[in-house]
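S.K.: Taken in order, these protein sequences are the chains called A and B. Numbering of the first sequence is given in numbering that gives the first Met the number 0, commencing with residue 0 and proceeding in unit increments. Numbering of the second sequence is given in numbering that gives the first Met the number 0, commencing with residue 0 and proceeding in unit increments.
What the hints contain is simulated information worked out from the structure, not anything from laboratory work. Since the structure is predicted, the reported quantities are computational estimates derived from the model, not experimental observations. Hints should not be assumed to be uniformly reliable.
[As the list claims (entries may be wrong)] Okay, the calculated beta carbon distance ranges per label pair:
(1) A453/B with D40/A: 40 to 46 Å
(2) A590/B with K562/A: 23 to 29 Å
(3) K175/B with Q263/A: 54 to 60 Å
(4) E584/B with H692/A: 46 to 52 Å
(5) T485/B with K562/A: 48 to 54 Å
(6) Q252/A with D571/B: 56 to 62 Å
(7) E269/B with T251/A: 45 to 51 Å
(8) D163/B with I550/A: 50 to 56 Å
[As the list claims (entries may be wrong)] One side of the interface only, derived from the structure: several residues of chain B facing chain A at Cβ under 8 Å:
(9) K117
(10) R283
(11) N447
(12) Q464
(13) K495
(14) G504
Just so it is clear, CB atoms sit at the ideal spot from N, CA and C, and this is done for glycine as well.
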Amino acid sequence: MKTKSLRATLLAIFMLFPLFLFADNYRVQSEKLRKEVWAWDMPMFKNYTVWDQYKNESAVIIAWHKQINARIKNYLLVDILYFGQYSYPLFYSDIDRVMVKINDKTALDRYSQLSFKEEDKSSPYFASNRLRTIIGARVIKPDGSIKEVNVEDAVSINEGKNEKSAYKKLAIPNLQVGDILDYFYCYEYQYETWSLPYQIIPLYSRYPIQSYSAHCEFDKKLTVEYRSINGAPDFNTSIDKAGNTVLEFSTTQIPKFDNVEDMQWLSPYRDLPMVRLFVLNGSSRYIYKPASARKAGVYKNVSYENILNDAKGIVANQSKMMYGMNDVNKKVMSAITNFLLMKPNGSKEELANYIFTVLRFYWPGDHANYSSMKFVVRLQQLLKEYNIENKLVFSTMKDGARRDEVFQAGDLEVAVTANNNRQFFSFSEGYDLSGGIASRLEGEIASTVVVDAYEKNTKNGIEGRIEEYKIPETTYEQNKEISITEVRFNGNDPLQLLFSRKMTKTGDLKNPYQSLLVLFEDWDKAMRDHLMIKQSLMEEMQGDKNQRTRINEYQSYFDAKRKEQKEMIKTEITSVHSLEPKEVMDYKIHNLGVIDSSPEFCYEVNYILEGLVKKAGDNLILDAGKLIGSQWVPTEKDRNRTVDAYYPTAMMFENEIRIQIPDGYQVQGLEVLRYNVNNEYGSFESEASQKDHTIVIKTKKIYKKSFIPKNDWPKLLEMIDQANDFCAQSLVLKK
Amino acid sequence: MFKNSRFTLFCVFIFCSFISMGQSKDDNVIISGQEDTYRYLKNGNKDFQIEEKSVIEYTCIGDVKPITVYKFYSATSEITKVRVKGIKRVVPRYEMYQSKSLFYSDTRVCYFSLPFSKKNESAQVTFVKKSSDLQSLFFIPISDDQFIKKKVIRFEVPDWMEIDLIERNFDSSIQKDSIRDDKNRTNTYIYTVENQKAIKQEENMPRYAYPYIYVIPRSVRVDGLKQPLFDNFDHLYAWLHNYVLLSGNKEDIVKQKAQEITNNCKTDDEKIKALFSWVQDNIRYLANEYGIEAYKPDAAHEVIRKKYGDCKGMSNLLKCLLHAQGFDARLVWLGTKEISIDSSVPLPLGDHMICALKWNNTIYYLDPTAKFMPFGQYPQYIQGKTVLIEDDKNYLLEKVPILPPSSNTESLSCEFTIEDQSLRCKSKIEYSGESKQDIMSAIQSTKNIELMSALKTFLERGNVQDKVSDIELSGANSLSEKMELTYNEVRKSNIKKHANELFIGMDSFRDFNTMGIDTAKRQNDYLFTYKRHIVRDERLLIPKGYRLKSYPSNLKVEEKGYSFVLNYTIVDNKIIYHKEITILEPWLKKADFSTWNSNIEKLKKAYLEQVILIQTSDTNED
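Just chain A, same shape as in the assembly (with noise of 0.2 Å):
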């Protein structure tokens, strides 16, 4: 008795122990940091001045500061089992302050309110993870003088039942165009049992930064990272009194980049500048760490054999880690033990394709328990067993950090070679079974590992022989879009055209089309007919207990998306031509595209379109050049692109279109639709002929590279715009 009231006093004392490092009252709290805040010494928050260059823009920084300030403190910790013993949370704090002159209204709308959630926490095991956030703000009027904005005048924005706030919103009282708000907003975390997540300092704004600087005083009990990229500073770095690092860096006159939401062909770890952070509390015993993972201490430039280990560190317990996998690999073994006995002298290619197609057909969609890592792994376990050579892929993507800026395990992707490098297997998330290598992986220097044996926590995570390896490109004829179309004028109203269109699409070009006009339940019925599958998927279902009483709920989905295809189709012409279809005759998918005996996706459609013919009198004025569908058209912004492009692959789109004359009508002039356009990275050829009564005119646009550097994209746009000016032709058949 006395033990259990022991136990329980001490309990807790224990469960409030944790509350005492974070203890002090958020109110007096917040006061006091608003006040130091505010006090700071810096000369870049004293000038009020925005330099001339900028006096023009919608908002301008002044001063954007960033100080980060991370300790470990150690205390004890009672477990659930009521053990004692020392944790070391993670005392975090991370304030941005940043005054930003308001030059207009919309720039006034964006100030206008700030939001933050004051605390938030959990709990597990007894730990504590605790979240904080302070703001402060200040309007400083044109004459100079400054009024502080209470912060308590934020409402809540509740839920729950219980009225729990979820977050706040502060309304900026009297701020003015004209004006200046200097505002921070501090993160103050505890956190024993979480890792911070990976951060990125960014040196772009929608707005140009005068002044930038950054302090940052980091524990010596932890491993800190850091990288910096696409010429964002670099940080001076010292040691303090007490051993722990100073990271420090200020820069001026940083240009706007206000469109990264979206801005088209962005590759944002290789066009931006940012620096990449990385803190972890190696002392905590409950914060997972791979076995590479860096002792305690500063580390600029992880280098890539480092990160790649951590990658192998994460794959390999990954492969430790296939639970549930009972159901699918019963599927899958049946259907290849199938396939071998069909195909008993198939090739090792041939079943190396056949393990990869019927293994992502039957890989559930739950990515939260099969992630794409792990079908990975599971692709090689099972390519091992059937002795078909293979190695493990480590690479990086087009739209992630350079190879030799990679900076967490994340930054490279998993995918496997099979037969030597002959085959390229990887994740892929629509239809396509086909056996592309995926666009983001193209052109990429990879790294191979011979899986000898995946050694969980350890440093090297698998044991193998490693090479490098340039994953191969694909052309822009592999990428192709072809499109034959019949057009006719209406015999009653000639200002309707009657469209006839067969699409063709390869490689890259096709999952747009098949994620917005394949049906799943053809796709299923393609699949299992290519996998020499003979259970249907209603017939499988019906064979197990957990799904059987899904049948009805399945078949009403595709019921339903088999009525809404027509929509697509109607979605499909209006995204063609910009202008909606008066009526879709009919229209057929003749080839999926979706395995690698028969990639190419083809379909054809029948529709009626107005707007394209005017009438002169007795004469019919024809938009010849919008045919072949509405381009792109770039705005002044796209015009001034000032980072490099990544497309996603090269690629080509052909035309062909056969316009009958109708009676009676003649048609000259037909050298305006003759373009020819040809560098580097693209071309743009068109020819028009007449034959008997039918006009023939042949397009190909042609984007010849992935990648355009920033200076050569004016390059691009010649081919672009002559694109584009081949649209705006018209013809005139005279009566």
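The hints should help you fit chain B onto chain A, whose structure is shown.
M.R.: Relative to the frame of chain A, chain B by itself:
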């Protein structure tokens, strides 16, 4: 037994679904039965309560998809019970309602997803909501997001409570009955609804297009004495005005600000316009509907300090500023959209506040939330609405004047010459009224530094061959009657040379070209945001060496609610193209869609017709 009866019920629903009126193929989940009961309760003489109990039976009859079920409540009400039978693991969530147009509101929502897993599956949802505010029960929608097979709504009203039930958009599918219970001294009003189609949200639809009931709490008896709630306009006004008295404006601060704003004004007219435009331009609109703030205008001096406010705060400030300069200004309550303060019954349904000015024997209405709307012009949403104007302890009931479409004119004028196979001219577009407000909103949401580029894109209308330059903007403020855009254009897309002929399309704007309505999909009437009036005056100078060969036929469409007129006239060596599109009545009914579409087809065809010029001599226009 339960299973059997449910099965029977289910069979009835399935059978009936084939013969139901109004049910569509898109109805995947229907409300197969619903019973809503509203009861007025009291505990003693002061503790009043409205209890609302809803029992809703949902049945999945089509595609198996989850639906979201929700119930709104507020700071003065509480959801005391949520129960779901038939589907397991449903967890209700409670949140404050957030929308873009509201900064802060005390509206809350309890919601959850009903994840149907198979066809013909049913789930019964029960909500009990209790409200302590007798004045809170105003609006009861009949329709729902799902098709309703059958619904019964009961209002159990004890004799100590007097209410009015006002029905809107009712048809024969809704029956009303009442029962007297002398023992409990209660009247029960019963509405039985059958085969009510699901609400479909569409762009530009009337806000209250479906049937609903207003519940007007007239009075309550306490200790045998009748205490009025919204018994008549006197009570309604007293209730509303009471909140105004709580504002606590500091007159000295307001007076100083009014003086500062009107310092350079010489006439009363200038002062009024200066004060009105100052509030429009300097106070940000920020809607606050939390607790008492939903009714009480923020103090004028506070709005000056904060530089933001909602319609009440902005109108109160404008009133005080005008007062400070000696004008007779009043606060005005009104309802926008279709819900409005009805002059026949005192409905407490105002959702907007503006300011009225009695000046030169005329009442002017000033809505400071309508940015860029000059003095004397009114946005569509207040035109024709009955308004309650404060008059100290009394009030005035008036109507906001209805303005003609011409107050919202968007007009283009230009004279083209032909050079280098291009149409060239200096063009001018003028915007007034709501068309000015429209374009100004777009301008205001564009960064200053990108404005010219955005206007160029807008004026070139996506035609890569056309070039617009030297754009100038004037009158882009609240004070001006009109906003003007002038620019030079070189238009190649509308001219085509063939042999000795030139084909010219006169209209590059092609207004309303894409305004056809898909009658297969559209369920609701179409509501234009305002009465449009578009005028295009384009003149084409026939170049030397050419003569007019032919020009398109004129078009005249005149319907009750709108007209399209396209006229070509020839004066000397000019072709004059005049177009007027007028929307007289912003509410286009479904019954008129077919005529509308056929008229839009005529308009589209007319736009495709070209002027033809033919060479008269060897002189080339180049």
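S.K.: Against this structure, judge whether each hint is valid.
M.R.: Checked hints:
1. A453/B with D40/A: 40 to 46 Å: 42 Å, holds
2. A590/B with K562/A: 23 to 29 Å: 28 Å, holds
3. K175/B with Q263/A: 54 to 60 Å: 59 Å, holds
4. E584/B with H692/A: 46 to 52 Å: Holds, at about 49 Å.
5. T485/B with K562/A: 48 to 54 Å: 52 Å, holds
6. Q252/A with D571/B: 56 to 62 Å: 60 Å, holds
7. E269/B with T251/A: 45 to 51 Å: 47 Å, holds
8. D163/B with I550/A: 50 to 56 Å: Since D163/B and I550/A have Cβ atoms about 53 Å apart, the given range 50 to 56 Å holds.
9. K117: 5 Å, holds
10. R283: Since the shortest Cβ distance to chain A is 6 Å, the answer is holds.
11. N447: Status holds, d = 4 Å.
12. Q464: The hint holds - Q464/B has a Cβ within 8 Å of chain A, the shortest such distance being about 5 Å.
13. K495: Holds: closest Cβ of chain A sits about 6 Å from K495/B, inside 8 Å.
14. G504: 6 Å, holds
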